[in-house]
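Novice: Take a look at the letters that make up each chain.
Number of protein chains: 2
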Amino acid sequence: MKLYDMELSGNCYKVRLLLSLLRVPYESIRVGYEKGEHKQPEFLKLNPRGQLPVLDDGGFIVWDSMAILVYLAREYGDDAWLPTAPGAMAEVMQWLAVSENEILYGLARARAVKKFNRPWDLPQCQRMGEGALSVLDGQLETREWLAADRPTIADIACYPYVALAPEGGIGLGDYASVNKWIGRIKALPGYVGMPGL
Amino acid sequence: MKLYDMELSGNCYKVRLLLSLLRVPYESIRVGYEKGEHKQPEFLKLNPRGQLPVLDDGGFIVWDSMAILVYLAREYGDDAWLPTAPGAMAEVMQWLAVSENEILYGLARARAVKKFNRPWDLPQCQRMGEGALSVLDGQLETREWLAADRPTIADIACYPYVALAPEGGIGLGDYASVNKWIGRIKALPGYVGMPGL
Numbered sequence: 001m002k003l004y005d006m007e008l009s010g011n012c013y014k015v016r017l018l019l020s021l022l023r024v025p026y027e028s029i030r031v032g033y034e035k036g037e038h039k040q041p042e043f044l045k046l047n048p049r050g051q052l053p054v055l056d057d058g059g060f061i062v063w064d065s066m067a068i069l070v071y072l073a074r075e076y077g078d079d080a081w082l083p084t085a086p087g088a089m090a091e092v093m094q095w096l097a098v099s100e101n102e103i104l105y106g107l108a109r110a111r112a113v114k115k116f117n118r119p120w121d122l123p124q125c126q127r128m129g130e131g132a133l134s135v136l137d138g139q140l141e142t143r144e145w146l147a148a149d150r151p152t153i154a155d156i157a158c159y160p161y162v163a164l165a166p167e168g169g170i171g172l173g174d175y176a177s178v179n180k181w182i183g184r185i186k187a188l189p190g191y192v193g194m195p196g197l
Numbered sequence: 001m002k003l004y005d006m007e008l009s010g011n012c013y014k015v016r017l018l019l020s021l022l023r024v025p026y027e028s029i030r031v032g033y034e035k036g037e038h039k040q041p042e043f044l045k046l047n048p049r050g051q052l053p054v055l056d057d058g059g060f061i062v063w064d065s066m067a068i069l070v071y072l073a074r075e076y077g078d079d080a081w082l083p084t085a086p087g088a089m090a091e092v093m094q095w096l097a098v099s100e101n102e103i104l105y106g107l108a109r110a111r112a113v114k115k116f117n118r119p120w121d122l123p124q125c126q127r128m129g130e131g132a133l134s135v136l137d138g139q140l141e142t143r144e145w146l147a148a149d150r151p152t153i154a155d156i157a158c159y160p161y162v163a164l165a166p167e168g169g170i171g172l173g174d175y176a177s178v179n180k181w182i183g184r185i186k187a188l189p190g191y192v193g194m195p196g197l
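For the record, the sequence lines run as chains A and B.
My numbering numbers the first residue of the first sequence as 1 and each following residue consecutively.
My numbering numbers the first residue of the second sequence as 1 and each following residue consecutively.
Hints were generated in silico from the structure; no laboratory data involved.
Do not rely on the hints blindly, as some may be mistaken.
Just so you know, same-sequence chains aren't split out, so a pair can sit in one copy or run between any two.
Said to hold, decoys possible - Mimicking SDA-like on lysine to any residue, the simulated pairs with C-alpha atoms at most 25 Å apart in a straight line are: (1) Lys186 <-> Pro41; (2) Lys180 <-> Ala80; (3) Lys39 <-> Asn117; (4) Lys114 <-> Leu46; (5) Lys45 <-> Met128; (6) Lys114 <-> Asp57; (7) Lys45 <-> Gly87; (8) Lys115 <-> Gly190; (9) Lys45 <-> Gly190; (10) Lys35 <-> Arg184; (11) Lys45 <-> Leu172; (12) Lys114 <-> Asn101; (13) Lys45 <-> Gly131; (14) Lys35 <-> Arg23; (15) Lys114 <-> Gln124; (16) Lys114 <-> Thr142; (17) Lys39 <-> Asp137; (18) Lys114 <-> Leu188; (19) Lys35 <-> Gly173; (20) Lys2 <-> Gly36; (21) Lys114 <-> Met128; (22) Lys115 <-> Arg127; (23) Lys35 <-> Leu8; (24) Lys45 <-> Arg127; (25) Lys35 <-> Trp120; (26) Lys39 <-> Gln126.
None of these values were measured; they are calculated from a predicted model.
Between the sequences and the hints, there should be enough to build the whole structure, so can you do that?
Specialist: In structure tokens, the structure reads:
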């Protein structure tokens with residue numbers, strides 16, 4: 001198992017975190033993002049979108065962090081990480097959608113502006129990200145995990161850019177339930193961190 | 001089955017399209033988007049994100065178009081619309097991710113700027129959207145459907161804002177394979193359109 005990887009990417013980190021929680025061994029292949037290696041023809045053969053992460057599981061290629069989490073949960077987890085019953089699966093999907101929308105285009109983009117000088121509108125991203133934090137905090141007020149009575153890939157998908165929000169100038173002090181949930185994730189057996197966490 | 005709905009939303013339309021293809025009867029409940037009904041406390045009880053669409057299936061609430069497509073495919077489709085084998089499911093998820101990223105934040109946002117005066121950066125959105133069209137066109141050069149040898153919810157999720165791209169000032173003339181795929185979707189038994197398509 002090979003993971004085309006970048007240390008500071010929250011999207012790569014969520015895959016590393018699930019691999020670690022599932023105790024699946026893998027080789028991390030660092031891609032030279034700053035040199036634009038992810039836009040070179042060789043890499044585009046792996047992922048036509050030119051993005052990280054990409055997983056190579058014995059020759060089967062999966063790109064996109066959400067698709068990789070789904071793949072790993074189905075192949076190496078059991079029904080616990082991604083239930084297949086229609087209602088239970090939909091609840092996980094709702095939070096994967098939040099991770100791909102308000103979290104990625106709000107929280108992660110705000111961080112990318114501050115940390116990597118990306119050209120997004122910072123206040124717009126911060127507002128969107130704060131909306132996501134309010135929704136998450138409301139959901140976690142009465143429950144321990146986002147989508148079930150146990151951790152699922154919904155939690156793994158949302159966690160990195162939520163916990164990294166302060167790097168985008170968004171404080172987490174007002175979100176007590178989110179903070180407790182962050183603590184629960186950090187206490188999972190097999191948890192690994194990344195720079196900034 | 002009730003769908004909280006808005007006629008001109010591509011995200012609502014993708015749910016209406018799948019419901020029609022699956023021959024599932026439902027009641028469309030129009031939400032007064034222009035009056036901000038989707039941000040009122042009553043609606044936020046259904047969906048804390050304050051967005052359309054929302055599905056109410058006999059009291060079970062699902063929000064987010066991607067989650068609703070997954071729910072309907074699992075509950076009312078068979079394995080054809082969303083396979084559950086790990087690799088096959090991951091291939092569908094890859095294109096659901098494109099629908100939530102480059103398509104939504106590129107193509108759909110460009111349309112929202114031109115059609116609804118939304119405050120996004122139009123050239124940035126158009127560039128992102130054109131990137132998505134290139135990736136889709138490449139994928140569809142050698143195959144009829146995005147994620148399998150038959151239509152899946154990947155096609156349903158990507159189709160609306162791709163076909164509506166000209167409303168965002170993005171021509172489809174250069175994407176021959178995408179155009180053929182649009183034709184194949186329109187020919188599916190049970191297909192319904194929306195304004196602009």
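Novice: Each hint should be assessed against the structure and marked as holding or not.
Specialist: Structure-based check of all given hints:
1. Lys186 <-> Pro41: For Lys186 and Pro41, the Cα distance exceeds 25 Å both inside one copy (38 Å) and across copies (34 Å).
2. Lys180 <-> Ala80: Only inside one copy: Lys180 and Ala80 sit 21 Å apart there, 40 Å across copies, limit 25 Å.
3. Lys39 <-> Asn117: within (19 Å within a copy, 33 Å between copies)
4. Lys114 <-> Leu46: neither (30 Å within a copy, 34 Å between copies)
5. Lys45 <-> Met128: Between copies only: 19 Å across, 33 Å inside.
6. Lys114 <-> Asp57: neither (34 Å within a copy, 43 Å between copies)
7. Lys45 <-> Gly87: For Lys45 and Gly87, the Cα distance is within 25 Å only across copies (18 Å; inside one copy 36 Å).
8. Lys115 <-> Gly190: neither (28 Å within a copy, 49 Å between copies)
9. Lys45 <-> Gly190: Neither, since 33 Å and 36 Å both go past 25 Å.
10. Lys35 <-> Arg184: Neither, since 37 Å and 40 Å both go past 25 Å.
11. Lys45 <-> Leu172: Classified as between; 24 Å across copies, 39 Å inside a copy.
12. Lys114 <-> Asn101: Answer is both; intra-copy 19 Å and inter-copy 21 Å each pass.
13. Lys45 <-> Gly131: between (37 Å within a copy, 15 Å between copies)
14. Lys35 <-> Arg23: neither (32 Å within a copy, 50 Å between copies)
15. Lys114 <-> Gln124: both (13 Å within a copy, 19 Å between copies)
16. Lys114 <-> Thr142: Neither: 33 Å inside a chain and 41 Å across chains, both beyond 25 Å.
17. Lys39 <-> Asp137: between (37 Å within a copy, 18 Å between copies)
18. Lys114 <-> Leu188: neither (30 Å within a copy, 47 Å between copies)
19. Lys35 <-> Gly173: neither (37 Å within a copy, 33 Å between copies)
20. Lys2 <-> Gly36: Within one copy only: 20 Å inside a chain, 47 Å across chains, cut-off 25 Å.
21. Lys114 <-> Met128: Cα proximity of Lys114 and Met128: in one copy and across copies (16 Å, 21 Å).
22. Lys115 <-> Arg127: both (18 Å within a copy, 23 Å between copies)
23. Lys35 <-> Leu8: Only inside one copy: Lys35 and Leu8 sit 15 Å apart there, 42 Å across copies, limit 25 Å.
24. Lys45 <-> Arg127: between (36 Å within a copy, 21 Å between copies)
25. Lys35 <-> Trp120: within (21 Å within a copy, 29 Å between copies)
26. Lys39 <-> Gln126: Classified as between: cross-chain Cα gap 19 Å, same-chain 28 Å, threshold 25 Å.
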